[in-house]
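Chains as they are written, first to last, in this note's numbering: chain A, 1 to 157; chain B, 1 to 157; chain C, 1 to 157; chain D, 1 to 157.
These are calculated hints, taken from the structure and not from any lab test. All values reported here derive from a predicted model rather than from experimental measurement. Careful, some of the hints might be misleading.
One copy or two, either will do: identical chains are not told apart, so a pair holds if it fits within one copy or between any two.
Quick list of in silico lysine to any residue cross-link-like pairs, SDA-like style, CA-CA up to 20 angstroms [claimed, not checked]:
{"id": "1", "residue 1": "K53", "residue 2": "S120"}
{"id": "2", "residue 1": "K53", "residue 2": "N121"}
{"id": "3", "residue 1": "K154", "residue 2": "G87"}
{"id": "4", "residue 1": "K53", "residue 2": "P76"}
{"id": "5", "residue 1": "K154", "residue 2": "S131"}
{"id": "6", "residue 1": "K53", "residue 2": "N135"}
{"id": "7", "residue 1": "K6", "residue 2": "G59"}
Number of protein chains: 4
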Amino acid sequence: MAKKKKRFIAVIGGGECSAQEAELAEAVGRELARRGVILVCGGLGGVMEAACKGASSEGGVTIGILPGDNYRAANPHVQIPIVTGMGYARNIAVVKSAQAVIAIGGNYGTLSEISHALQSNIPVIGLNTWSLSRNGRPDNSIIPAQNPAEAVNKALT
Amino acid sequence: MAKKKKRFIAVIGGGECSAQEAELAEAVGRELARRGVILVCGGLGGVMEAACKGASSEGGVTIGILPGDNYRAANPHVQIPIVTGMGYARNIAVVKSAQAVIAIGGNYGTLSEISHALQSNIPVIGLNTWSLSRNGRPDNSIIPAQNPAEAVNKALT
Amino acid sequence: MAKKKKRFIAVIGGGECSAQEAELAEAVGRELARRGVILVCGGLGGVMEAACKGASSEGGVTIGILPGDNYRAANPHVQIPIVTGMGYARNIAVVKSAQAVIAIGGNYGTLSEISHALQSNIPVIGLNTWSLSRNGRPDNSIIPAQNPAEAVNKALT
Amino acid sequence: MAKKKKRFIAVIGGGECSAQEAELAEAVGRELARRGVILVCGGLGGVMEAACKGASSEGGVTIGILPGDNYRAANPHVQIPIVTGMGYARNIAVVKSAQAVIAIGGNYGTLSEISHALQSNIPVIGLNTWSLSRNGRPDNSIIPAQNPAEAVNKALT
């Protein structure tokens, strides 16, 4: 009998975030866990922590790929800390380890993750996040979602 | 009630290996899983694959931190592939993500992992692996083990 | 007598580019060299090659920080190839090694470099490149320039 | 007329070092510069600084590939600081950017560089540095040199 393929989705966003972004992230985390999806993130606070909290509350698995040298920097809801010691270069591993990326809000670090994902042909779903235009023309590569459930649906298709 | 702390041990060694090394690695993997330890490795073949196979056979969790851009390069016993796209720089993440490292045989890539672990004060247990001397004097930082069970015991203390 | 501080400016853009972008890049390279600025780039073709060509033609110094394992991938106008073997993680070193960044056109790789630069508070000057908005509001962090001379002027102030 | 190919040699060793090691490193740096070779190193103190000092004193070019986020961490004799922000992963770029490596003394970081060089088939010349054996048998990949001039000679052939 075929083993069911596991799915990995990255949730990216600021290490500090608004209450509204945290709510979105937590809801995304819960929804991913309910669907049996493994959550990948950068392992720190803000959106990452809220998403891990949501996933953990539903019994999901959470992976945090950390920039520094110590697993203790991980938020308390990271179950599997990956310690890279490579600073922001870890952003690349966060997105490459996922089949799709959900971006919530976010600053330039999040934008770098969006860029690396798009460069690697990994779909990016956006909730209240960056939008792009190139040489004056809109680039619609970031797939917009209106709410956490829709973001997860789009990430899984 | 306190949540029991999870433990992560890295198993490192050649991407190709002898039958004897594969046996050692598989036994190490089995023993780690029996003790509830999560196995971290570089995710490819040889010693890495044998260790993952052993761990999986006992229901253990296996993480493979991959050098390339595609999770499909992971051996079939890797449950959690981390895709770094950073080549041998991933060696650093392999050892830094563990509380101790067990080295089995191995070539220069393994030696780089041993070096990075010792540099980060992560204990290294050796089974038929490298030994070092510095400026003519033996460096005994690699803790020798006679067999897989002893290696795991030493890694856990 | 005080040694005059050397200046490093990164020129970023697509590995393939339009003829117009190549012209802009070459002019930027020439202008940087005339001002005694050292050019840093990703070392490959397109905008990177045109910029290095321009700089070399005026006797400037060119550094190419390469993603792969072989210096031979550098374009012929790179004088100092840095070989990272780390794939797109090298994008971070390209921008961090500069005091300012000039972006010309570019795809998602360029956008990742813009992001990493802004995250590190390194000014980014744009010539026909990306523009950003965040959560619906324009982010004007990329400083627009109308032509190569203006781009270099702005990068040096 | 053919452009003469530039040569890059890496000098590796501890960020702190003995007076004798510093003397060796400075002599190696001087000799490299006299031969028109560009010096690559990790950009910090100890052996790296002494080698850069020697090279600079003879008008040579020095490149320092730094682990941190700030070029100011470079020793004062680094002319071209490359800022990686990637921690010890920069060790890989140090050796890969060279056609040969000269190791002087050194700790585990140096050993990791030796390992990465040997893994990439880049010759390593040793002055009072590590020696290796694998599974009980000596590994003679590190080419011994008795003095700085011999080290440079061997690195260039």
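Here is how each hint holds up against the structure:
| no. | hint | result |
| --- | --- | --- |
| 1 | K53 / S120 | neither (28 angstroms within a copy, 29 angstroms between copies) |
| 2 | K53 / N121 | neither (28 angstroms within a copy, 31 angstroms between copies) |
| 3 | K154 / G87 | neither (30 angstroms within a copy, 29 angstroms between copies) |
| 4 | K53 / P76 | within (8 angstroms within a copy, 30 angstroms between copies) |
| 5 | K154 / S131 | within (17 angstroms within a copy, 25 angstroms between copies) |
| 6 | K53 / N135 | neither (39 angstroms within a copy, 24 angstroms between copies) |
| 7 | K6 / G59 | both (15 angstroms within a copy, 16 angstroms between copies) |
In this structure, the hints that do not hold are numbers 1, 2, 3, 6, in rising order.
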